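**Q** Just so you know, the protein sequences line up as chains V and C, in that order. Residue numbering for the first sequence follows this note's numbering, starting at 537 and increasing by one per position. Residue numbering for the second sequence follows this note's numbering, starting at 1349 and increasing by one per position.
Keep in mind that the hints were calculated from the coordinates and are not lab data. Source: prediction; values computed, not measured. Heads up, some of the hints might be wrong.
[Unchecked claim] Calculated pairs, DMTMM-like style, for lysine to aspartate or glutamate (alpha carbon to alpha carbon, straight line, at most 25 Å):
| no. | chain 1 | residue 1 | chain 2 | residue 2 |
| --- | --- | --- | --- | --- |
| 1 | C | Lys1359 | V | Glu557 |
| 2 | V | Lys588 | C | Glu1549 |
| 3 | V | Lys590 | C | Asp1650 |
| 4 | C | Lys1360 | V | Glu557 |
| 5 | C | Lys1356 | V | Glu538 |
| 6 | C | Lys1356 | V | Glu586 |
| 7 | C | Lys1556 | V | Asp552 |
| 8 | V | Lys590 | C | Asp1397 |
| 9 | V | Lys558 | C | Asp1361 |
| 10 | C | Lys1360 | V | Glu544 |
| 11 | C | Lys1360 | V | Asp555 |
| 12 | C | Lys1356 | C | Asp1397 |
| 13 | V | Lys614 | C | Asp1361 |
| 14 | V | Lys588 | C | Asp1350 |
| 15 | C | Lys1572 | C | Asp1650 |
[Stated by the list, open to error] Each pair of labels, with its calculated beta carbon distance range:
| no. | chain 1 | residue 1 | chain 2 | residue 2 | range |
| --- | --- | --- | --- | --- | --- |
| 16 | C | Arg1530 | V | Met537 | 26 to 34 Å |
| 17 | C | Ser1415 | V | Met537 | 46 to 54 Å |
| 18 | V | Asp552 | C | Asp1770 | 54 to 62 Å |
| 19 | V | Ala540 | C | Phe1676 | 50 to 58 Å |
| 20 | V | Asp552 | C | Arg1530 | 23 to 31 Å |
| 21 | V | Thr562 | C | Val1392 | 38 to 46 Å |
[To be verified] Among the chain V residues that face chain C by a calculated CB cut under 7 Å, a handful are:
| no. | residue |
| --- | --- |
| 22 | Ile542 |
| 23 | Ile579 |
| 24 | Val583 |
| 25 | Ile591 |
| 26 | Ala599 |
| 27 | Asn600 |
Ideal Cβ placement from N, Cα and C applies to all residues, glycine included.
Letter by letter, the chains look like this.
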Amino acid sequence: MENAQILEVLTGIFRDKLDNEKIILTPETTAKDVKGWDSLTHIQLVVAIEKKFKIRFASSEIANFKNIGDLVSTVVKKLG
Amino acid sequence: MDFSALSKNLKKDFSTFPKIRLAILGDTPTQLLHQAIRGYGYEVGINFDIYEADYDQIDRQIFETGSELYEFKPEFVLIFLATQKALNKFYKKKEGKAHFAEQQTEYVRNLCETLNDNLKVRIIYCNFPEIPDTVFGNYANKTELSSTFQFRKLNMGLMELAGSIKNLFINDLSSIQNMLGRQNIYSPSTYTNTGIAYDLEFWPLIAKNTTDIILGINGKQLRKAVVLDLDNTLWGGIIGDDGLENIQIGDLGIGKAFTELQLWLKQLKQRGIILSVCSKNYEHVAMEAFEKHPDMILRPDDIAVFVANWENKVDNIRYIQSILNIGFDSMVYLDDNPFERNMVRTEIPAMVIPELPEDPAEYLPYLYTLNLFETASLSEEDENRTKQYQEEAKRSTLQHAYANEDEFLASLEMASIVKPFDKFYTPRIAQLSQRSNQFNLRTVRYTEQDIQKVAADPNYLSLYFTLEDKFGEYGLISLVILEKKSDHLFIDTWLMSCRVLKRGMEGFVLNSIMRLAKENNFTKVIGEYIPTEKNELVKEHYAKLGFNQNNGLWEMDVPTFDERKTFIKMNS
């Protein structure tokens, strides 16, 4: 899957879980930039992403996502 | 319901739902629990007003009586401890590992006693899903020093504690883990990263369990009866076509699935759930299985109302409901046929109708997952209830033989015992206060502990009433709690089981209240009707009995009161 496609899927997940259709994600987006993306909703997002792509993040990966770009490249790596 | 769905509920309108004040105390972060419970409240029509303490504040909140918890004055307090954290505590103990369970149980007793000294509250304590740490392998079962041994003992200790502390209820998380498996409720990465004790999708289940307990205590969502289809529900095959010898039950075909379902239903019946039959069959054909088939577990005595005919099932279920005289929302309907289920669901939406799986082998495991029969109390009378409904069917036959209401009532030879609350009946009194919805003037709910307090408090007078007639005993069916005010006696609680409607019991109870008022030198008795969704039945109760309306309350003068005519004899 291309990075752009993954970004699109992630955007869908963020919109659904944070209940906000206006969210637009770019590789540079961080938690600060998205209203409602806090440590609690982060858990929901991670679980939803794991389910969608049928992957499992390691604990250290979850703690170290700096921005959406990081998240996308981790997903790409996992999908092999 | 998954977590996401519950968290989306948070934005919805809760304003029409009744409020329940709940405090959540946890030793690990409880935000997800908070959201899940509030979101689940929307599903069952509760507006949870939640105070969530910062995590790991259990001791401070409970032992310091000036804490936010006491300020909040919750009706319920939910206490959640993570097994993982308790396990670490156990590991760090240098000595006395063998006494860990006892110490923890004592700690919980201490929490409860402190709460009870300072608040009127129901305590919901989560037990501990085990973590099989394999430190001792299977040998863990042979040594008190293993965590397995201590956590099982602790869970057992909590059960015993809940047996002795009436307002302590156990939130049985351990059973949920047994059903789903540890892998499905625990997320190592979530725990490691955030300290949150369980997987995202476990919190909705804890929320449901907690809410089930609360609804049980408040007398809501209590299921009192099960209506059963027969062919392919209670046995395999169609008795009318296959014949008595060929229905699948016992060792024949997949009979084991049906036998075990019947064994379970019989346990429900012994617990006080009423079983009835509603089947498209000739009655004599269907009944023959209950009477003669050697492998049937359920027998004619187990069934309160037996309806087998070729009429519409909806009408038959309405008939069963009219005999049982309980709300449709307290009735569960089991039928293998999706068409019949849908038809009943459309006509009687309040009824609880599980979507039974196609394979009868899965009926029972599926029913386990629904937890349909939550309750907050039990009494010995529960076991006799089926017999009482069978007697009721006979009474209704007799009633048709008398043209005149008074003659019918006189022919019943009714007698009642009237006494102040006593220990023996405490469980039944509490249960009646929790269960009665229709004939209940103010719908104040009392636990066993509350009832004991009322009985001991000199500011209150209390009475319970039993009833029996020539067909049998109804047991304890009515109660009143009277509060002594400066210039009048106030009827705090007047409720009655709907099984004894139209027996003239209301007049008999009124006579007793007025006699008690006179003995205690009151000149006035005042009652109040607080409407709920279910007590329309007694809207005109005080008016019918001759009370005078005054400022939304109902008054009766004691000196001028004339005893009401009754066909009930007082027994002592």
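**Q** Please go over all the hints and tell whether each is borne out by the structure.
**A** Checked hints:
1. Only pairs whose Cα atoms come within 25 Å are accepted, and Lys1359 of chain C paired with Glu557 of chain V is accepted, the gap being roughly 15 Å.
2. Distance restraint check for Lys588 of chain V and Glu1549 of chain C: the Cα-Cα separation of roughly 15 Å lies within the 25 Å cut-off, and the hinted pair is therefore satisfied.
3. Taking the CA atoms of Lys590 of chain V and Asp1650 of chain C, the gap is near 50 Å; set against the 25 Å cutoff, the hint is violated.
4. For the hint linking Lys1360 of chain C to Glu557 of chain V, the alpha-carbon distance of about 17 Å falls within 25 Å, and the restraint holds.
5. Using a Cα cut-off of 25 Å, the hinted pair Lys1356 of chain C and Glu538 of chain V is violated, with the two alpha carbons roughly 31 Å apart.
6. Among the hinted pairs, Lys1356 of chain C with Glu586 of chain V is consistent with the structure: their alpha-carbon atoms are about 20 Å apart, no more than 25 Å.
7. Of the pairs offered as hints, the one joining Lys1556 of chain C and Asp552 of chain V holds, with about 23 Å between alpha carbons and a cut-off of 25 Å not exceeded.
8. A threshold of 25 Å between alpha carbons decides the hint, and for Lys590 of chain V with Asp1397 of chain C the separation of about 37 Å lies outside it, so the pair is violated.
9. Under the criterion of a C-alpha separation no larger than 25 Å, the hint pairing Lys558 of chain V with Asp1361 of chain C is consistent with the structure, at around 23 Å.
10. Of the supplied pair hints, the one linking Lys1360 of chain C and Glu544 of chain V is violated, its CA atoms being roughly 28 Å apart against a limit of 25 Å.
11. Taking the CA atoms of Lys1360 of chain C and Asp555 of chain V, the gap is near 12 Å; set against the 25 Å cutoff, the hint holds.
12. As the CA atoms of Lys1356 of chain C and Asp1397 of chain C are separated by approximately 17 Å, the hinted pair is consistent with the 25 Å bound.
13. Distance restraint check for Lys614 of chain V and Asp1361 of chain C: the Cα-Cα separation of roughly 41 Å exceeds the 25 Å cut-off, and the hinted pair is therefore not satisfied.
14. Note on Lys588 of chain V and Asp1350 of chain C: the hinted pairing holds, with a Cα-Cα distance of about 15 Å set against a maximum of 25 Å.
15. Taken as a hint, the Lys1572 of chain C and Asp1650 of chain C pair is honoured in the structure, with Cα atoms around 14 Å apart against an allowance of 25 Å.
16. Here the CB-CB span from Arg1530 of chain C to Met537 of chain V is close to 33 Å, well matched to the stated 26 to 34 Å.
17. About 52 Å separates the C-beta atoms of Ser1415 of chain C and Met537 of chain V, a value consistent with the hinted range of 46 to 54 Å.
18. Between Asp552 of chain V and Asp1770 of chain C the beta carbon distance is about 59 Å. The supplied range of 54 to 62 Å therefore holds.
19. Taking the beta carbon of each, Ala540 of chain V and Phe1676 of chain C are about 54 Å apart, inside 50 to 58 Å as hinted.
20. At about 29 Å, the beta-carbon gap between Asp552 of chain V and Arg1530 of chain C stays in the expected band of 23 to 31 Å.
21. One distance hint, 38 to 46 Å for the beta-carbon pair Thr562 of chain V and Val1392 of chain C, holds here, with the actual separation near 41 Å.
22. A hinted interface residue such as Ile542 of chain V counts as satisfied when its beta carbon comes closer than 7 Å to some beta carbon of chain C; here the least separation is about 20 Å, so the hint is violated.
23. Given the 7 Å rule on beta carbons, the hint for Ile579 of chain V holds: about 6 Å separates it from the nearest Cβ of chain C.
24. Hint status for Val583 of chain V: holds, given a least beta-carbon distance of 5 Å to chain C, under 7 Å.
25. For Ile591 of chain V, the interface hint is violated, the least distance from its beta-carbon to any beta-carbon of chain C being 12 Å, above 7 Å.
26. Nearest Cβ of chain C to the Cβ of Ala599 of chain V: about 5 Å, under the 7 Å cut. The hint holds.
27. Against a cut-off of 7 Å between C-beta atoms, the interface hint on Asn600 of chain V is violated, since the closest Cβ of chain C lies about 10 Å away.
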